[in-house]
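Asks: Chain by chain, the residues run as shown.
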Amino acid sequence: DTEVTQTPKHLVMGMTNKKSLKCEQHMGHRAMYWYKQKAKKPPELMFVYSYEKLSINESVPSRFSPECPNSSLLNLHLHALQPEDSALYLCASSQVRRGQGYTFGSGTRLTVV
Amino acid sequence: GENVEQHPSTLSVQEGDSAVIKCTYSDSASNYFPWYKQELGKRPQLIIDIRSNVGEKKDQRIAVTLNKTAKHFSLHITETQPEDSAVYFCAASKGNTGKLIFGQGTTLQVKP
Numbered sequence: 003d004t005e006v007t008q009t010p011k012h013l014v015m016g017m018t019n020k021k022s023l024k025c026e027q028h029m030g031h032r033a034m035y036w037y038k039q040k041a042k043k044p045p046e047l048m049f050v051y052s053y054e055k056l057s058i059n060e061s062v063p064s065r066f067s068p069e070c071p072n073s074s075l076l077n078l079h080l081h082a083l084q085p086e087d088s089a090l091y092l093c094a095s096s097q098v099r100r101g102q103g104y105t106f107g108s109g110t111r112l113t114v115v
Numbered sequence: 019g020e021n022v023e024q025h026p027s028t029l030s031v032q033e034g035d036s037a038v039i040k041c042t043y044s045d046s047a048s049n050y051f052p053w054y055k056q057e058l059g060k061r062p063q064l065i066i067d068i069r070s071n072v073g074e075k076k077d078q079r080i081a082v083t084l085n086k087t088a089k090h091f092s093l094h095i096t097e098t099q100p101e102d103s104a105v106y107f108c109a110a111s112k113g114n115t116g117k118l119i120f121g122q123g124t125t126l127q128v129k130p
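Protein sequence lines correspond, in order, to chains A and B.
Its first residue numbered 3, the first sequence is counted upward by one per residue in our numbering.
Its first residue numbered 19, the second sequence is counted upward by one per residue in our numbering.
Think of the hints as simulated: they come from the structure by calculation, not from any bench.
A couple of the hints might just be wrong.
Quick list of in silico lysine-lysine cross-link-like pairs, DSSO-like style, CA-CA up to 27 angstroms [said to hold, decoys possible]:
#1 B/Lys60 - A/Lys21
#2 B/Lys117 - A/Lys55
#3 B/Lys117 - A/Lys11
#4 A/Lys43 - B/Lys40
#5 A/Lys11 - B/Lys60
#6 B/Lys89 - A/Lys43
#7 B/Lys117 - A/Lys24
Here are some of the chain A residues that sit facing chain B, going by a computed Cβ distance under 10 angstroms [to be verified]:
#8 Ala33
#9 Gln39
#10 Gly103
Fair warning: this is a prediction, and the values are worked out from it, not measured in the lab.
For every residue, glycine included, the Cβ atom is placed at its ideal position computed from N, Cα and C.
Assemble the whole structure, with the sequences as input and the hints as a guide.
Replies: Below is the structure:
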């Protein structure tokens, strides 16, 4: 299995809702990432997990809460989002070594109404 | 802070011509430089990468060159085809964090 699987593919949520994005990989990668991508812009790093521990939080607002239950799964819990949080949310994974390319998931297109 | 600048922002070429996209990075400690291709509505896909101990790498019609002294790296696509049309992102990273700093992207259009 050489893929990163993200669910759901599309999500519409209200500003008072709570939802979760899920990411799964079975490549044995021990680094997993959440990125946010706006249209026509590069991906922006949100969080990095290394060996299931949060290693980087790029000053992301607390309405985004990551979780890494095990080495194959990564979640992003969403609460009280704003319309400007609408974007493509990409999960990625890689080996934990210098100079490793990511494998990206197909993303969740999130719309906050 | 770390920064990667990418040029041009858009590039239009005729099928069969070559395309070159250039990136400059600010952190001299950067040691890994991947290139990603993102087609409309799809995920970024790694197409080629280079490490700081190598000056050039080729894979069929694509090549990447790295000039560590000038802190430049470039993507070269030869014999372009319409299916090469996409947004291309360069990136740089250092150490074991896995954190990638992306350039702003180049929209490549290959006209048949």
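Asks: Now, for every hint given, state plainly whether the structure supports it.
Replies: Structure-based check of each hint:
| no. | hint | in the structure |
| --- | --- | --- |
| 1 | B/Lys60 - A/Lys21 | 23 angstroms, holds |
| 2 | B/Lys117 - A/Lys55 | 15 angstroms, holds |
| 3 | B/Lys117 - A/Lys11 | 24 angstroms, holds |
| 4 | A/Lys43 - B/Lys40 | 17 angstroms, holds |
| 5 | A/Lys11 - B/Lys60 | 11 angstroms, holds |
| 6 | B/Lys89 - A/Lys43 | 23 angstroms, holds |
| 7 | B/Lys117 - A/Lys24 | 21 angstroms, holds |
| 8 | Ala33 | 5 angstroms, holds |
| 9 | Gln39 | 8 angstroms, holds |
| 10 | Gly103 | 4 angstroms, holds |
In this structure, none of the earlier numbered hints is contradicted; all agree with it.
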